[in-house]
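Asker: Spelled out from the first residue to the last, the chains are:
Number of protein chains: 2
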Amino acid sequence: MLSWALAADDELEIGAMDLDICGPSLPKMLGCEKETLHESNLGWSPVYVADNLGMMSIQFMLPDEDAAVIWRGQKKSALIKQFLKDVDWGKLDYLVIDTPPGTTDEHLSVSTYLKETGIDGALLVTTPQEVALLDVRKEVDFCRKAGIKILGLVENMSGFVCPNCGGKSRIFKPTTGGGEQLSKDLGIKFLGSVPLDPRIGKSCDSGQCFLDQYPDSPASDAILDVVDALRDEIEGEATI
Amino acid sequence: MLSWALAADDELEIGAMDLDICGPSLPKMLGCEKETLHESNLGWSPVYVADNLGMMSIQFMLPDEDAAVIWRGQKKSALIKQFLKDVDWGKLDYLVIDTPPGTTDEHLSVSTYLKETGIDGALLVTTPQEVALLDVRKEVDFCRKAGIKILGLVENMSGFVCPNCGGKSRIFKPTTGGGEQLSKDLGIKFLGSVPLDPRIGKSCDSGQCFLDQYPDSPASDAILDVVDALRDEIEGEATI
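Each protein sequence line maps, in turn, to chains L and Y. Take the first sequence: its position 208, counted from the start at 1, is 208 in my numbering, and no numbers get skipped. Take the second sequence: its position 151, counted from the start at 1, is 151 in my numbering, and no numbers get skipped.
Please keep in mind that the hints were generated in silico from the structure rather than gathered at the bench. Please note: incorrect hints may appear among the correct ones.
To be verified - Here are the in silico distance ranges between beta carbons for each label pair: (1) Y:224 - L:88: 53 to 59 Å; (2) Y:81 - L:63: 29 to 35 Å; (3) L:88 - Y:212: 53 to 59 Å; (4) L:208 - Y:215: 38 to 44 Å; (5) L:9 - Y:149: 46 to 52 Å; (6) L:186 - Y:81: 30 to 36 Å; (7) L:187 - Y:81: 36 to 42 Å; (8) L:216 - Y:37: 49 to 55 Å; (9) Y:45 - L:187: 34 to 40 Å; (10) L:231 - Y:88: 53 to 59 Å; (11) Y:82 - L:38: 42 to 48 Å; (12) L:120 - Y:78: 43 to 49 Å.
No residue lacks a Cβ here, since even glycine has one placed at the ideal position from N, Cα and C.
Could you put together the complete structure from these sequences and hints?
Answerer: Right, dumping it as C-alpha cells:
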C-alpha cells in the first residue's frame with residue numbers, strides 16, 4: 001500500500017522488497033503473484049507492477065503458488081543478501097522493505113547488510129490491540145539497539161464504519177490508548193491512523209490498487225496523509 | 001483461547017507452550033505476563049494460570065516487558081529444546097503449542113524434537129482474506145512434508161455484528177470462499193468459524209477468559225463447538 005502510494009508520484013522510482021520468505025504476500029497484494037523472474041547479465045530483474053514500481057519476492061521463484069519454503073534462518077539470510085546484491089534495481093528513490101513481524105534473522109540480516117549504504121529508518125505498523133502494541137514495543141527496542149532511526153508509527157484497522165447504518169465502531173478497542181498513546185510513551189512520531197475498510201482487504205486479495213479504486217474513501221485520505229508525513233520525515237532529514 | 005477452553009474441563013491437565021520467541025503474546029492473553037519462572041530440582045516450573053493450566057513462554061525470562069529478543073534461528077531452536085526437556089510439565093493430557101506464522105526454525109525444531117513422542121496434529125487458524133489463505137496453503141504443504149497430521153482448519157474473524165444496528169457485515173470478504181472452501185479444496189477438515197467480537201480482543205488485552213466473561217455470546221458458542229470438534233478428531237484417532 002505504501003509502495004503504491006509512493007509510486008503515485010511519477011517522478012519517483014520505487015522498489016519493493018518482500019522479506020517474508022516463509023509467507024510472502026506482497027506479490028498477491030500487488031497483483032503479480034503469477035510472474036516469474038527474468039535474469040539478465042546485470043542480475044535478476046525485479047517484476048514491474050507499474051512503470052516506476054519494481055518488486056522482488058521469493059514467491060516469483062516458487063514452482064507452485066502453494067509450495068512452502070521450509071528454510072531455517074541461515075538460508076533466509078543468504079537469500080536476502082542476494083536480493084540486495086544480485087537484483088538489478090536500477091536507480092531507486094525509495095526501497096520499501098517489508099519484513100515479517102518479530103526481531104529475528106530477517107531483521108538482523110537486512111540491518112547488517114544495509115549498514116553501509118544506510119537505512120532512512122523504520123516505519124512501524126500496529127493495530128490498536130494491546131497484544132499488537134506489545135510486539136511494537138519490542139520492535140522499538142530492536143531498532144534502538146540496532147541503531148535504526150524510527151520514522152514513526154501508523155495505526156491500522158483503527159475503526160470500522162458499518163455499511164448498513166453508518167455507525168462507527170471500534171472493533172479492536174485500545175484498552176490503553178492504542179498507537180497514539182504508545183507513540184507518546186516511547187517518544188516516537190505518530191504518523192496517523194488508517195480506518196478498517198472491508199474494501200482494502202478486497203483490493204489486496206485481487207491485487208488492485210485501493211487508492212486508484214476508491215480515491216474518495218476516508219481510508220485513502222488517511223493513507224495519503226501517512227505517506228506525506230513519512231516523506232516529510234525522510235526528506236526533512238536529508239536536507240539537514 | 002483453545003487452552004482456556006480445554007482447561008474448562010477440570011479433569012484434564014493442560015500445558016500451553018508459546019513458541020513465538022520474538023513476539024510472545026500468550027502470557028498477556030492469559031493474564032500472567034508479570035510472572036517470573038521458578039526453578040526446582042525437577043527443572044523450570046510452568047506458570048499456572050488455572051489449577052489445571054500451566055504455561056511456558058520466553059516472556060517470563062525477560063528483564064523487562066518491552067525488551068526485544070533479538071535472536072537468530074539457532075538460538076531459538078535451543079530454547080525450544082529446553083522448553084520441552086527442562087520444564088517440569090507433570091502429567092499432561094494436552095500440550096497446546098502456539099507457533100508464530102510461517103514454516104521456519106520454530107516449526108522445524110518442534111516437529112523434529114517431538115517426532116519420537118508423537119504429535120497429535122496441527123490445528124490451522126486462518127482469517128477469511130485471500131492473503132491469509134495463501135499462508136495456510138503453505139502451512140498445509142509444510143505439515144504434509146513433515147508428516148504432521150492436520151487436525152483441521154478454523155476460520156477466525158469471520159463476520160462482524162454491528163453493535164448499533166445488529167446488521168451483520170463481513171469485514172474481511174472471502175473473495176474465493178474463505179476457509180471452508182479452502183478446506184474442501186485441500187481435503188482437510190473444516191472445524192468451524194468464529195465471528196469477530198470486539199470483546200474477544202478486550203478479553204485478550206486484559207488477560208481474562210472470554211468464555212467465562214461472555215458465556216452466552218455467539219463467539220463463545222462457536223469456540224466451544226470448534227474445541228468439541230477438535231477433541232473428537234484427536235480422541236477418535238486415539239481409540240482406533
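Asker: The structure should be examined with respect to each hint, and the outcome stated for every one.
Answerer: Results of checking the hints against the structure:
At about 55 Å, the CB distance of residue 224 (chain Y) to residue 88 (chain L) agrees with the hint of 53 to 59 Å. Residue 81 (chain Y) and residue 63 (chain L) have their C-beta atoms about 32 Å apart, which keeps the hinted 29 to 35 Å range intact. A hinted range of 53 to 59 Å for the beta carbons of residue 88 (chain L) and residue 212 (chain Y) is consistent with their spacing of about 58 Å. For the hinted restraint 38 to 44 Å between residue 208 (chain L) and residue 215 (chain Y), the CB-CB distance of approximately 42 Å keeps it satisfied.
Taking 46 to 52 Å as the suggested C-beta distance range, the pair residue 9 (chain L) and residue 149 (chain Y) conforms, at roughly 51 Å. The hinted range of 30 to 36 Å is satisfied by residue 186 (chain L) and residue 81 (chain Y), whose Cβ atoms lie roughly 34 Å apart. Checked against the given bound of 36 to 42 Å, the beta carbons of residue 187 (chain L) and residue 81 (chain Y), roughly 38 Å apart, stay inside it. Range check, residue 216 (chain L) to residue 37 (chain Y): about 54 Å between beta-carbon atoms, so the 49 to 55 Å window is met.
Between residue 45 (chain Y) and residue 187 (chain L) the beta carbon distance is about 38 Å. The supplied range of 34 to 40 Å therefore holds. The given range of 53 to 59 Å is respected by residue 231 (chain L) and residue 88 (chain Y), whose C-beta atoms sit roughly 54 Å from each other. Taking the beta carbon of each, residue 82 (chain Y) and residue 38 (chain L) are about 46 Å apart, inside 42 to 48 Å as hinted. A hinted range of 43 to 49 Å for the beta carbons of residue 120 (chain L) and residue 78 (chain Y) is inconsistent with their spacing of about 35 Å.
Checked against the numbered hints given earlier, this structure breaks only hint 12.
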